[in-house]
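Chains A and G supply the protein sequences, listed in that same order.
Numbering of the first sequence is given in this note's numbering, commencing with residue 1 and proceeding in unit increments.
Numbering of the second sequence is given in this note's numbering, commencing with residue 275 and proceeding in unit increments.
Note that these hints are calculated values from the structure, not bench results.
Hints should not be assumed to be uniformly reliable.
[Stated by the list, open to error] 27 Å max Cα-Cα, derived BS3-like pairs, lysine-lysine:
#1 A/K252 with G/K332
#2 G/K361 with A/K252
#3 G/K332 with A/K105
#4 A/K5 with A/K252
Treat the numbers as computed from the prediction; the structure is a model and nothing was measured.
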Amino acid sequence: MDWVKEVGPSGGEGGWRDDFPLDHELPGRLRIDCSRLCLPVHPMFAVRLSVFIDWHRREGRDVQVIPPADDATLRIFDAMGIDADRDCCAEDDAVMPVTRLQEFKDVESVAGRTQEILEYQLPDLSPLGAATFMAVSELCGNAIDHGRNALGAYAAACRVTAPSRKVSVAVSDLGIGVPEHIRQRYPEWGEDGWAIAHATEDRVTGTGDPHRGFGFSAVFEAALTRALHSAEMDILSANGHCRVETVQESRKVRVFPAPKFRRGTWIAYDLVSV
Amino acid sequence: MPYRYALAEHGRTLATRPLGSELRAQLAEEAAEEQAVTLDFSGVLSVSHSFADEFMGKLAEEIDRGEVPFSARFVGVTPEVERVVRKALERRDVAIPAAA
């Protein structure tokens, strides 16, 4: 019997709404029906669906994806390169299609390319190019460094023009996860959401190196430009969900109960332009 | 005449710790007989904090400890690159001055 998942029209909202289980117990034929999906397609949705497809195909399952029926959504869907079985086409809003990263050289490549596209091809978001470069380089670097796993890490970035202009970035890996990594040094931080929140602070790292643990701070600092209206980062890992909101120079960290356990680390970062 | 090390030869954007470590080792080898080095960032669009820490932060510590024979100054930075470089140096409580 096939396993069928129907993605709702708002599957792209923040990318978290639909569940794509990485479950060894699923049957051999999986079908994802994206025919009702509408814009915007958040890069986290694209990353989550891509990871699902790649993970299950590696396990030997037959995964079929029914693409969106809406033409505009289909263009972005294909441009994001979600399903390797479909042709990838160019589309301005797909700043960085879903990209699988295996080593640090891949991080150099995607971080540089993303900034150059924003700065030279998308003038409405060019002032956010440096902030996006810092986010892609630091978050992808962390994913390769601390999130080692057979599939590697995934990253994607999109431009959204309505209702506000923003660049959205998604980075994921199926590695150890932020809470377990941090608890190597701080075993007392037992609650996953708060462990993630602490990991965003300066000098907090699971490596034991006092000069590490600045990646998140560097990302938040780089966003403090006059071109930024606000920024929001969601970090989901294990049973934790932490959100960091930046408005001008004030930063608010909130922790939510995670809806379910998530293997690895999943980070969505939205930079909203003024 | 200081030895000039052009970072843009390694990319317009410099993003990761391993690249920072590789370039620092390369510089130490190339400038092993030099007394002064100019780190030329002309043409570099961006550097990440991780790269800056691994390249500039650790290089400044090596200079302070006398592990490399040269002193260093940097030139050609954009304001954004300079902000990241200075922050990386500040976090290690070390300094590499900008060339006048």
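Results of checking the hints against the structure:
no., hint, verdict
1, A/K252 with G/K332, "32 Å, violated"
2, G/K361 with A/K252, "22 Å, holds"
3, G/K332 with A/K105, "21 Å, holds"
4, A/K5 with A/K252, "35 Å, violated"
Of the hints listed earlier, those the structure fails to meet are numbers 1, 4, in rising order.
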